[in-house]
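Protein sequences appear in the order of chains A and B. Residue numbering for the first sequence follows our numbering, beginning at 235 and increasing consecutively. Residue numbering for the second sequence follows our numbering, beginning at 120 and increasing consecutively.
Just so you know, the hints here were simulated from the structure itself, not pulled from any lab data. Note that the structure is a prediction, hence the values are computed from the model and not measured. Incorrect hints may appear among the rest.
Unchecked claim - Which chain A residues stay away from chain B? Per the calculated CB distances, all over 12 Å, these:
hint : residue
1    : A290
2    : V315
3    : S324
4    : V339
5    : G366
6    : M396
As the list claims (entries may be wrong) - Calculated Cβ distances over 12 Å to all of chain A for the following chain B residues:
hint : residue
7    : V252
8    : V360
9    : T480
10   : L487
11   : G515
12   : S525
13   : L526
14   : G598
15   : M615
16   : I627
17   : K645
18   : P668
Unchecked claim - What follows is a list of derived Cβ distance ranges for each label pair:
hint : chain 1 : residue 1 : chain 2 : residue 2 : range
19   : B       : P462      : A       : W364      : 40 to 46 Å
20   : B       : L626      : A       : W379      : 58 to 64 Å
21   : B       : Q383      : A       : L296      : 28 to 34 Å
22   : A       : S285      : B       : H690      : 51 to 57 Å
Built from N, CA and C at the ideal position, the CB exists for glycine as well.
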Amino acid sequence: MSSSSDGPLTAATAHGGHDIPSWGGGSLPYAVPSKKLGMWLFIVSDAITFSAVIFAYGYLRLAAAAWPRPFGTPSIANATVMTFVLLSSSVAMVLAVRASSLGKVSGAVGWLVATALGGVVFDILHIREWLGLIGEGVRPFHNPWGTPMFGAAFFTMTGLHMLHVTIGVVYLLVIAVGFGRRKFSAADVEVSGLYWHFVDLVWMFIFPLVYLLSAKTA
Amino acid sequence: MAMEAQQHQHTAPTGFIRKYIFSLDHKVIGKQYYFLAIASVFLGMVLSWLVRIHLVWPNVHVWGLGALSPAGAPGGVISPEYYLSLLTIHGTLMVFFVLTTAPQAGFGNYALPIQIGAEDMAFPTLNMLSFWVTFLALCALVSTLFVEDGPPISGWTAYPPLSAVGSLAGPGQGMGQNLWAVSIALFCIGSLLGALNFITTTVDLRCKGMTLMRMPLTCWAWLITAILSLLSFAVLFAACVLLILDRNAGTSFFLPSGLLVNGQLQNHSGGSPLLWQHLFWFFGHPEVYIAIVPGFGVISHVLSVFSRKPVLGYKVIVTCLLAIGFLSFTVWGHHMFLSGMSPYSGFLFSIPTLIITIPATIVSLLWLGTVYGGKLRFTTCMMFALGFVSVFVTGGLGGMFLAQPSLDIFLHGTYFVVGHFHMVMGVAAIFGMFAGTYFWFPKMFGRMMNERLGKIHFWITFIGVYCIFMPMHFIGLEGMPRRYSSFVNDLMQPLMPVHKFMTIAALITGAAQFIFLFNLFWSMYKGPKAPENPWESTTLEWTVPSPPPFDNFGGKHPVVYHDAYEYGDVHNGKDYVMQTDPAGQPAKS
Chain A
235 MSSSSDGPLT
245 AATAHGGHDI
255 PSWGGGSLPY
265 AVPSKKLGMW
275 LFIVSDAITF
285 SAVIFAYGYL
295 RLAAAAWPRP
305 FGTPSIANAT
315 VMTFVLLSSS
325 VAMVLAVRAS
335 SLGKVSGAVG
345 WLVATALGGV
355 VFDILHIREW
365 LGLIGEGVRP
375 FHNPWGTPMF
385 GAAFFTMTGL
395 HMLHVTIGVV
405 YLLVIAVGFG
415 RRKFSAADVE
425 VSGLYWHFVD
435 LVWMFIFPLV
445 YLLSAKTA
Chain B
120 MAMEAQQHQH
130 TAPTGFIRKY
140 IFSLDHKVIG
150 KQYYFLAIAS
160 VFLGMVLSWL
170 VRIHLVWPNV
180 HVWGLGALSP
190 AGAPGGVISP
200 EYYLSLLTIH
210 GTLMVFFVLT
220 TAPQAGFGNY
230 ALPIQIGAED
240 MAFPTLNMLS
250 FWVTFLALCA
260 LVSTLFVEDG
270 PPISGWTAYP
280 PLSAVGSLAG
290 PGQGMGQNLW
300 AVSIALFCIG
310 SLLGALNFIT
320 TTVDLRCKGM
330 TLMRMPLTCW
340 AWLITAILSL
350 LSFAVLFAAC
360 VLLILDRNAG
370 TSFFLPSGLL
380 VNGQLQNHSG
390 GSPLLWQHLF
400 WFFGHPEVYI
410 AIVPGFGVIS
420 HVLSVFSRKP
430 VLGYKVIVTC
440 LLAIGFLSFT
450 VWGHHMFLSG
460 MSPYSGFLFS
470 IPTLIITIPA
480 TIVSLLWLGT
490 VYGGKLRFTT
500 CMMFALGFVS
510 VFVTGGLGGM
520 FLAQPSLDIF
530 LHGTYFVVGH
540 FHMVMGVAAI
550 FGMFAGTYFW
560 FPKMFGRMMN
570 ERLGKIHFWI
580 TFIGVYCIFM
590 PMHFIGLEGM
600 PRRYSSFVND
610 LMQPLMPVHK
620 FMTIAALITG
630 AAQFIFLFNL
640 FWSMYKGPKA
650 PENPWESTTL
660 EWTVPSPPPF
670 DNFGGKHPVV
680 YHDAYEYGDV
690 HNGKDYVMQT
700 DPAGQPAKS
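Generate the whole structure from the sequences, applying the supplied hints.
Written out as structure tokens, the structure reads:
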């Protein structure tokens, strides 16, 4: 697939895909290259895993007599900055995909690194916040405000997401290096973008569900 | 992800490790899955023997068991707790490593790419990883037999609080249950990677002319099963992660407050054991169809081949399989009628459960219609296919009782349930595997299996499974509870002769499986050489040599001109038209 996709992305494949070099069995029925479809399917299953965890959180939070609302303005501000960083990194990802499809190798690599950098900043802000909460005495089994499940839900949901961001950073850097050395194609950059946007989208659920719903009320 | 840089290799690897161990070839990986399932099924079967023996002869000394588990079976006498341990491993092995593995990942990996005219799966490296992750999962599960406390006692469903509170709850609930949870989490990952590979392969790699509606029904079944796996294992994975956290990080997702375990108050609060049941059965019910739908595919396929007739209602079967797949996600609550859920919810889950019987019945009738009026060829494979229809219908009838909350209140947790799911999920799926083995063996190993041994194997197995599982329905109706290790000094005592009968039937039927095992390995080396198309079948795997070359089609790209089941009309002395035959006339069906 590598030879066809250095040109303008999907222009060849979207309209019948007659130039797939490695496969003589005819055109791709849905004009979705295998790697992209594979990533979409992975995203479907991963979204369901997140949904199950979020379902568990909702199930237990609704059943609880009280749920702590410990996040004051500094915490919400911090989480908002994290959201902003992550969303900005998605913009960088879009630019990376665009640059790669136009064949601008150094531009694509630069934007990929910028995207990964956004992920790193997000992780750093997140870990700082975790350490702050741990300092306040929040544990998976205990916290200063009662309802021990608060800590369990918080660390599980944000931890699972942080793991995804971290994996994404590594993934993006691998793609950046590989694309720079022409080992990976623009299609590979686009597939990594799918993953990154998905991780970003998950955060858009976690941010309101975990932070805003637990914001300190005056 | 390991999706990058996967090129189709066009030359076969040389060297033992790349060829047989870390192979990227879907045919080798299919066989690896198949043998993993064979190993698991025989281990699981021996465990079920021990369970059956303990039920009727609770004080018997089992040779070697005392050495394996001095605590669980001192002197070889199985303790009640160890009975539950054996039951857990039997169930987990059979459901995950046999019923989920062989029909889909085994036969599917082997036959799907060839049947749709592809050289390999879409992601060969991912395919190899799926197998090895599954293999690790099996190692983790089997290792529970060798840890100090033995395997967990919480059953294959691992209901909390028992599964979540740790070693205080009983033998095997420490390390054993941890290994179980890790094993299942790994298994989920392997299944998810396999599922996305199957779907991508089916969508993207079909050869020219292989439209969706020309695919063999086996491929439809594998596709639908892969979709079910993709959507359901993701939930079980999340549940396993939460269980592992509950056990090791002190969280309380599945643990309520005020829990007394062996007299000690647990420091947990805020969780719910019902949450596990919801997450588990949201996976668990589609799982039933993950086990059986590949069997539907194989049976539809095989009945047509050996009846020399096109499949009756191809489109209807596809529609029914899709309907079954969809409905399977709406019925998980029927496993929880007695968990304290609202009767209205019970009613809500009961309705789609009963609706599922409609597509299942239509498919069963279409199988009979396919056979009706055909020129039947009674090969062993065909007999197992007919046996599948029999056991599936018999087992399925019990499901209509269990689907109704009012009846389930009585039948829940009795041997009726055990008989039902063994018949409809276990035995039927295993008959599907037997049919698949006798059908594809010539292609997989290039030799024919022995038909005489096959028929002996079939008749003992067919009669045997009815002798084992039909009485379970009756003693269940009498109220005999499942998961009790013994019924000594109990009002159930008058039913013990029935148990004895079932145990003897299980020992004989199990012993007959060694005929199969012998036939399998003997034929692999000593069977007569298989021709290219021994069954006079039409699909693509029978256009290539037995066994096929490394890239399946020897560098050629097959082109498909026909539906998958054009049997019956005689042209040039043949009563079938190969899918790749450009000159053949389409059969009038």
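Results for each hint:
Separation of A:A290 from chain B is inadequate, the least Cβ-Cβ distance of about 6 Å not exceeding the 12 Å criterion. For A:V315, the requirement that its beta carbon stay farther than 12 Å from each beta carbon of chain B is met, with the minimum near 28 Å. The claim that A:S324 is not at the interface with chain B holds, since no C-beta of that chain comes within 12 Å of its own (minimum 19 Å). Residue-level check passed: A:V339 sits 17 Å from the nearest beta carbon of chain B, beyond 12 Å.
Distance check on A:G366: its Cβ is at least 19 Å (rounded) from any Cβ of chain B, clearing the 12 Å threshold; non-interface status holds. Non-interface call for A:M396 relative to chain B: holds, since the shortest CB-CB distance, roughly 14 Å, exceeds 12 Å. Residue-level check passed: B:V252 sits 14 Å from the nearest beta carbon of chain A, beyond 12 Å. Residue-level check failed: B:V360 sits 8 Å from the nearest beta carbon of chain A, not beyond 12 Å.
With a minimum CB-CB distance of about 30 Å to chain A, B:T480 clears the 12 Å threshold, and the non-interface call stands. The Cβ of B:L487 lies farther than 12 Å from every Cβ of chain A, with a closest approach of about 34 Å, so its non-interface assignment holds. Consistency note on B:G515: stated as away from chain A, and its beta-carbon is indeed over 12 Å from all of that chain's, at 28 Å minimum. For B:S525, the condition that its CB be more than 12 Å from all CB atoms of chain A holds, with the nearest at approximately 27 Å.
Once the 12 Å rule is applied to beta carbons, B:L526 is consistent with being away from chain A; the minimum gap is 29 Å. Consistency note on B:G598: stated as away from chain A, and its beta-carbon is indeed over 12 Å from all of that chain's, at 34 Å minimum. Annotated as non-interface, B:M615 keeps its C-beta farther than 12 Å from every C-beta of chain A; the closest such distance is 43 Å. With a cut of 12 Å on Cβ distances, B:I627 stays outside the contact zone with chain A, its closest approach being about 43 Å.
The beta carbon of B:K645 is kept farther than 12 Å from every beta carbon of chain A, the shortest such distance being approximately 37 Å. Its beta-carbon lying about 16 Å from the closest one in chain A, B:P668 satisfies the requirement of being farther than 12 Å from that chain. For the pair B:P462 and A:W364, the beta carbons lie near 44 Å from each other, so the given range of 40 to 46 Å is met. At roughly 60 Å, the beta-carbon separation of B:L626 and A:W379 lies within the given 58 to 64 Å, and the hint holds.
In this structure, B:Q383 and A:L296 meet the distance hint of 28 to 34 Å, their C-beta atoms being roughly 29 Å apart. Distance hint check for A:S285 and B:H690: the Cβ-Cβ separation is about 54 Å, which falls inside the suggested range of 51 to 57 Å.
Violation of the numbered hints given earlier is confined to hints 1, 8; the remaining hints are satisfied by the structure.
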